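Novice: What follows is each chain in one-letter form.
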Amino acid sequence: MSMDNTTAHVRIDGVVKRFGGTEAVAGVSLDIGRGSLTTVLGPSGCGKTTLLRLIAGFVEPDAGDILIDGVSQRGLPPYLRKTSTVFQEYALFPHMTVFDNVAYGLRLRGLSRTALTEKVRHTLSLMQLEGLEARYPRELSGGQQQRVALARSLIVEPEVLLMDEPLSNLDAKLRVSVREEIREIQRRVGITTLYVTHDQEEALAISDTIAVMQGGKVMQVGTPRAIYEQPADPFVAAFVGQVNLLRAKIEGGSLRLGSLLLPLPANTPVLESGEEVILALRPEAIRIGAGSAGSEVQGEVVSRTYLGTTVRYRIAVAGQHLTVDDPDPAGRPLLTGVLTLSFDPSRLHLWPAGSDAPLSHQDSL
Amino acid sequence: MAKATAVQAWSGSSRVRALTRDPLGLLAIVFVVGCLAVFVIFPVVRVLAQPGLTEWWRLFTDPRWLRLGGNTFLIAVLSTASAVALGFLFAYATSRPDVPLRHLFKLVAILPLVSPPFVGGLAFILLFGRRGLVTYSLLGLSGDIYGWHGLWMVQTLAFFPIAYLSLAGVLRRINPTLEYAAQDLGVHGLRLFCTVTLPLATPGLASAALLVGIYALSDFGNPMLVGGAFKVLATETYTQITGWGDIGMAAALSAALLLPSLVLFVLQRYWVEGRSYATITGKGSFADPPPMSPAVRWVVFTACSLVALVLLATYAVVFVGAFARTWGVNWRPTLENFEYTVFRGSQLWNSIRFAGTAALGGSFFAVIAAFLVHRKRFPGRAAVDFAAVLPAALPGTLIGVGYILAFNTPPLALTGTGAIIVAAMLFRTIPVGYQAAVAGLAQIAPSIEEGAADLGARPLRTFWDVTLPLIRSAFTSALIFTFIRSMNTLSAVVFLISPGNVVASASILALAEHGDWGQASAMAASLMSAVFLLLLAFRLITGGRLRLFEL
Amino acid sequence: MRTHHLRWRTLSFIGSLAILAMALAPPVAAQTKPVMVYGVIHEYTLARLMQKFERDTGTKADFIRLSAGEVATRVQAERQSPKGDVIFGISRAIQESMKAQGLLEAYKTPRRSEIPAKYADPDGYWTGSALTVQGIAVNTERWKKEMGNAPMPKTWEDLLDPKYKDLIVAPSPLSSGTGFTFIVGQFFRLGEEKGWEYLKALDKNVRFYTPSGIAPTRMVAAGEFLIAVTFAHDALKAISAGYPIALIHPAGVSWDIGSASLIKNGPNPEGGKKFIDWVLGRDPIQLIVDLNFEGSLRSDVSLPMGATPLEKLDLVDYKLDWAAQNRQRLLKQFGEQFKK
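Listed in order, the protein sequences are those of chains A, B and C. Residues 1 to 365 (our numbering) are what the first sequence spells out, left to right. Residues 1 to 551 (our numbering) are what the second sequence spells out, left to right. Residues 1 to 340 (our numbering) are what the third sequence spells out, left to right.
None of these hints come from the bench; they were simulated from the model. Just so you know, these numbers come straight off a predicted model, no measurement behind them. Watch out, some of these pointers could steer you wrong.
Label-pair restraints from in silico Cβ distances [to be verified]:
id, chain 1, residue 1, chain 2, residue 2, range
1, B, L104, A, L111, 53 to 61 Å
2, C, F13, B, G186, 56 to 64 Å
3, A, G20, C, F13, 34 to 42 Å
4, B, G34, A, R135, 42 to 50 Å
Quick reminder that beta carbons are idealized off the backbone N, C-alpha and C, glycines included.
Could you put the whole structure together from the sequences, leaning on the hints where they help?
Specialist: Right, dumping it as structure tokens:
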């Protein structure tokens, strides 16, 4: 989470922002590495957009500070900060052509006409927008508008690029290809980027670092892999990817799950007997069929959904429900009745039940 | 190292800090607040402070004032009712595609708006007076149009365009699918109209009535010309000043007019405005409403045609009178009437330059004020917002009296100059420009302006590059409206004219009162022509992308 | 391209500023400062006068036409810093009260010697320019139609005949000099008490009192009404324009002197004096007579066309002082008693 000053390009330090009586950002500290694409991931209302706007300078924090290259941004209006924002609705100037939109930032910086034209043309070709210079935003498709917005932001060579859910207005198929383009460009240009989204697949796909936010706080920061495979708490586990959340109890040195007694996974923190815990187990970590001793449970099929690539089963185990995916069902009949499930204990995550993860997440699976 | 500077609490003074970061914005706020305080609030306060206790006492007890108050109320109610009805008729007719000549009706309906309001009165006498063209020369009738009935007719014709504009907009926004649905359920014709169309239009009707009411209450020129023995408060204010020299009483009378105006204004703005039954989903992408039955269609058409005929005759007669040697006696065409009134007089030029200045200055001011109130945060925003639209509730005579009282002595001794006339014209019409700009601003997503700032544009730059171009149509409509209204305004400026600074509208009234019909008509015709020509020129320059009065 | 927009916007902005500057700047001043005239006579005549003044003397004169009451109010309101230089054409009674309030400045123009002494203020506060007499105006066309061969009214008392109900229109003394001259004329003719009685009786036949002095004449000319209380010059003007009017001078006709005065502390007193000296000369007076049909005080100016010579008229004994002193009281009483 913390790097020392010399490598963190952007440092967010204990920032608090209140609107009315609520704390939209409740004490966030985060370091953003130079040249990295850091994603702030969270559900709507978690404060991620506010955080982005704090960095851009559209709002000022009530407490804490934001530093870019060690320089405090406090009191600096947006037009003096070296950040550039791509807005969710693109915010292109409707009364200007594509050319003028992209050129705007350079005009403000007083470039000569020839240099400006040169740069704009170059950027437009970079974004595959040649031939569209004279068009107006209303004449462009969603994907094209998005690229113009990106071009407009990149051409001024900011220190930090801020992107606020840039893909949310595109349709599903387009999102995938565009996000890859964005990643590609970001890598090529090497610009430090803060990317805000609620789409966890997007975050996993393109980020160097993910910071998961909820209720104005950062819950976990790490690489996509770390976030997914070692979630810090039930919320992160449930928000990023699918997960089964179960309630269990410590009994002696084992886990009591209804009528089952399971061995405690290694690395479990020391817990007292009788303490309630929450377990997390990803569906893909569960196999249908027998496994090694100590890692098997029995359950009854409650429902099954054929999804083409998998069959998704809901299985009742020890009074709770598990979601299990059976991959590549081609040719095989759908299962029913009582099944044996097995899993790798090392993939079982466990937290004391005091963690505030609503078990309703389980129902959303 | 960074940690040491990091955690420092920010207080709520971040707002003030934000203000001081933008000195130009702060200056603009101070300027706008100052202007509104001096030119809108101060005169009103001055008027209310002028009358002594005796004057206030007299206002409420003197039978003469009570009678006048009753008169004013009566004629306001009558004229409002008929003007709204007529406006609704026109709005209804022009909203149905199966009414013939509806584009002509649209044009005719806004004619009274581009001419001085009392030209209607003048023309009425020329047409329907004793020696009127219609009553005397054509029909040989003898009757007396002076009095409340004549005034009622004149005011109805003069003010129905206001109701028309408001109602046309309302009707246009009602989803015609509702009428189809009703018909589908078995309701049609009159029953459909009464149970579906009318109720849907009710907020619009209420709104139009309140707007027209304010005009009817403060009408000054028409009662002077046509009222006869039927006197109203607005004209009495004039008499108090010109005859008695009793500014205190005049102020009290103006204040008496202010209260009902304010009530109407507040009702319209805060109560009715909110209750709109319009479906707000894009513009004009609706299907046509269902066709009307032929009987209804022809009744509507005939009624509108009659009114249109009368209106066109009204303006035609002014032009005829302008060129006639002596009205009713000698119809020989001549240019005499124009000679000393237009060709060598300064009144028309004064009107043009004052109105032009007021229009330009006022539009800028309105746009800037709207921007400041709706894009910046500063204490007292709501008060500024109110002050900017308040003039719509102020009767013209009150503004006139207020300005003489307020600006007669240093530090702001403006009486006797052209500036005071410009100021009265400008601040009188601020509300329209302001509200147009506010509506325009509301359509600009905040992120667009943020985008400009994000790219490095300072606030003034953002305003110039992004905000202004996007509210250009609001600006131009403010410009046009202010110009027209200022050219034609009478009640506000009649007390403010001085040698060298006489405007055409005041001159027309003086000439008409003197019975110089020829010259009065010449001046009126020139005034209307000037307005029309300048509008045409403006439209040509701006390439015809004007949305004027929803035309 | 953006540059196109930019240029458009900048151009229109600069253009607007230019127009603003041009429009607000006062019209190009003449070599000398203009003279500001508050005139009570006919607007058109005033316009012609000002233009002639400028032609004859090279000095610009601006005017504003106001009714007598308006002038009094305006000068009073402006007394701290007067904006006018000269009052012209106003009723003497009002001028007297303004003199009493200290709003005027004495100026004994050399023209005083050219008119009979009684037509100028002994102290020099006003100098007469024209003689105006009142009378009755009747619309002859309507008379023929509605009254047939009946004789037209010859005396003021004839007007009280009930057959004239709602057919008479008169000027209101509250806002017009004409009206005031009329009612004091009745007081001078009958004495105040009987004068009020007369007015009350006449009120039954009066349709309404007009705010401006000339309106009754205008309305009768147009045929709106049958009979008007009028100044002779207003009626004569209408007659010369071709309107069917008969002008009758009953016994005991009220009259007034239109005059010129210098306003105290006006912005251009030298110009004001120049104007007064000029306007009382033969040519300007002749112009007023020709255009306005008012009677002249100068012996070298001809009578207006159609006017009755002075010797043939029975003028009331107009006591100027009394009229001036009692003006406020009389007006108040009128306002309370007469509602039309």
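Novice: Hint by hint, where does the structure go against what was stated? Just the numbers, ascending.
Specialist: Violated: none.
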